[in-house]
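Student: Chain order of the listed sequences is A and B.
With the numbering used here, the residue at position 135 of the first sequence is 528, and numbering never jumps.
With the numbering used here, the residue at position 136 of the second sequence is 333, and numbering never jumps.
To be clear about the criterion: a stretch of chain B counts as covered by chain A if any three or more of its residues have a C-beta under 8 angstroms from a C-beta of chain A, and this derived list gives those stretches:
id	segment
1	228 to 239
2	252 to 258
3	317 to 325
Quick list of simulated restraints, FRET-style, between CB atoms:
id	chain 1	residue 1	chain 2	residue 2	range
4	A	R456	B	R433	17 to 25 angstroms
5	B	P310	A	N455	31 to 39 angstroms
6	B	L395	A	D415	55 to 63 angstroms
7	B	P310	A	V605	28 to 36 angstroms
Because the hints were derived from the structure by calculation, they are not lab data.
A quick note: this is a predicted structure, and the numbers were derived from the prediction, not measured.
C-beta atoms are modelled at their ideal positions from N, C-alpha and C, and glycine is treated no differently.
Residues per chain, in single letters:
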Amino acid sequence: MNVELAGIHRSFRKNKAVVGVDLRLATGVFGLLGPNGAGKTSLLRMLGTVLPPTSGEIRLLNRDPRGVTARREIRRRLGYLPQNLGYYPSFTVVEFIEYFALLKEMPSSAVPKAVATAVERVDLGAKAKAKLRTLSGGMLRRVGIAQAIVNDPDLLLLDEPTAGLDPEQRVQFRALLRSFGESATVIVSTHLVEDVGAACSEVALMSEGKIVFRGTPDELITRGEGSGVGDAPLERGYSAVLSAARS
Amino acid sequence: MTYPIESGQPPTPHGSAGDVNLARVWTGVAAEVWRRHPGRIERTAARLLRSPALARALLTTPSLLLPWLISTVVVFSVGALVSLGPGQPLVWLVAPAVAAVGIAFAYGPAIDPAWELSSSCALSSRMVLLTRAVAVFALNAALGLLASAASGAATTLTFGWLLPMTAVCTLALAVAVAFRSAVVGAGAGVAAWVIVVLAGQAASGQVTASVTNAHAYLPYLAVASCCAAIVIYAIRPERGLQ
Chain A
394 MNVELAGIHR SFRKNKAVVG VDLRLATGVF GLLGPNGAGK TSLLRMLGTV LPPTSGEIRL
454 LNRDPRGVTA RREIRRRLGY LPQNLGYYPS FTVVEFIEYF ALLKEMPSSA VPKAVATAVE
514 RVDLGAKAKA KLRTLSGGML RRVGIAQAIV NDPDLLLLDE PTAGLDPEQR VQFRALLRSF
574 GESATVIVST HLVEDVGAAC SEVALMSEGK IVFRGTPDEL ITRGEGSGVG DAPLERGYSA
634 VLSAARS
Chain B
198 MTYPIESGQP PTPHGSAGDV NLARVWTGVA AEVWRRHPGR IERTAARLLR SPALARALLT
258 TPSLLLPWLI STVVVFSVGA LVSLGPGQPL VWLVAPAVAA VGIAFAYGPA IDPAWELSSS
318 CALSSRMVLL TRAVAVFALN AALGLLASAA SGAATTLTFG WLLPMTAVCT LALAVAVAFR
378 SAVVGAGAGV AAWVIVVLAG QAASGQVTAS VTNAHAYLPY LAVASCCAAI VIYAIRPERG
438 LQ
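One chain only, chain A, in its complex shape (with noise of 0.2 angstroms):
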């Protein structure tokens, strides 16, 4: 298992972000879906070893991110876009990446192969040597997945990672979950349940911190035959749960 949670809380004063999160996964593209304010960012912050949990267990790619020496061996295999992507606006697409190829402590020789392989990947091999300020949303966003993906993670995690894309991106984007989900764990937070439905094999729902429902796409669907408010079945789904988790 690359991630194992157990009784996972979070609170920011008398806000409880996360409460209660239990949580077991190996390969494989696992979506969280829900409203905002969920604690969808508060639970992959946790998953980045950027935020401590209040209480709970935590254990990422067998080992224990409270150890320093475990934390930095889970940062080393990590890949994590957050959800506002803080940048440099005077470095290059290729600067910014090997900079963070280098933080994560990647072989100064291999650093340069990856960052090429990385944004080949994302497809902004046009815009490799442009200053980020000179970059749209969209393509900021492929920078940070291409950090993301620039160590060639075991454990991804993408906090709204498809916006700004359009629609072509994120097709080209889903594959390449795709082909990560093939021998590495990754968590895609979004509140595109298209994304969800193309790209993941299984899906959690996030309400009010805790996970109200957790299975395949097709079983979301199931969910929401007959009752739910939407136009796609997923969305169906999506708003039937949200619903009866309320209720």
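Following the hints, complete the assembly by docking chain B onto the known chain A.
Tutor: Here is chain B on its own, set in the frame of chain A:
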């Protein structure tokens, strides 16, 4: 993303031109064309720090970038040229304040746009912070000493500000880290230094008392130690964003 849209599948391991793996060849070419060649300073820093990552992080320090360095040199030059009185160039007055601002703007959530991303990386944020703070302090101290020596100030004035500078810098860093704001840290450092100078003048009648009075050295050391302890406590791994 280079996968064909129609298939949505990864490219085949071999290209279409016979046995030549075109994708691999192209990646190799791109890696060579795009690779960044570190400058002499970065290579030296990487050797000294035994970490290319730390060297790169050091050279991206906001308060070590060229515009900031030029501003620092200008301020120190003005400090060396302008005197309050005979043999009293202003370097002793500006050095602690400039260094405090530089250290407050070295690293942190409010300064580093990619702070959250950096926090998820293997290289320790604490190590980056420590390296950057030491580098900024050392550079400011060196520039200050050069300016002070060039101005022909008395020995007590040439070296006397180093200890107050240490105290003011650690205070600025502690406040910046504790409040997660470079502006607040810089403001606290500068304000504290102004208060110390004015208090020294009020107590002794000499404007340079804050750096020439040997009785003040122990309190400076105490402040520096306390603030260093606060910094270490504030950036401990268990605290929220690491």
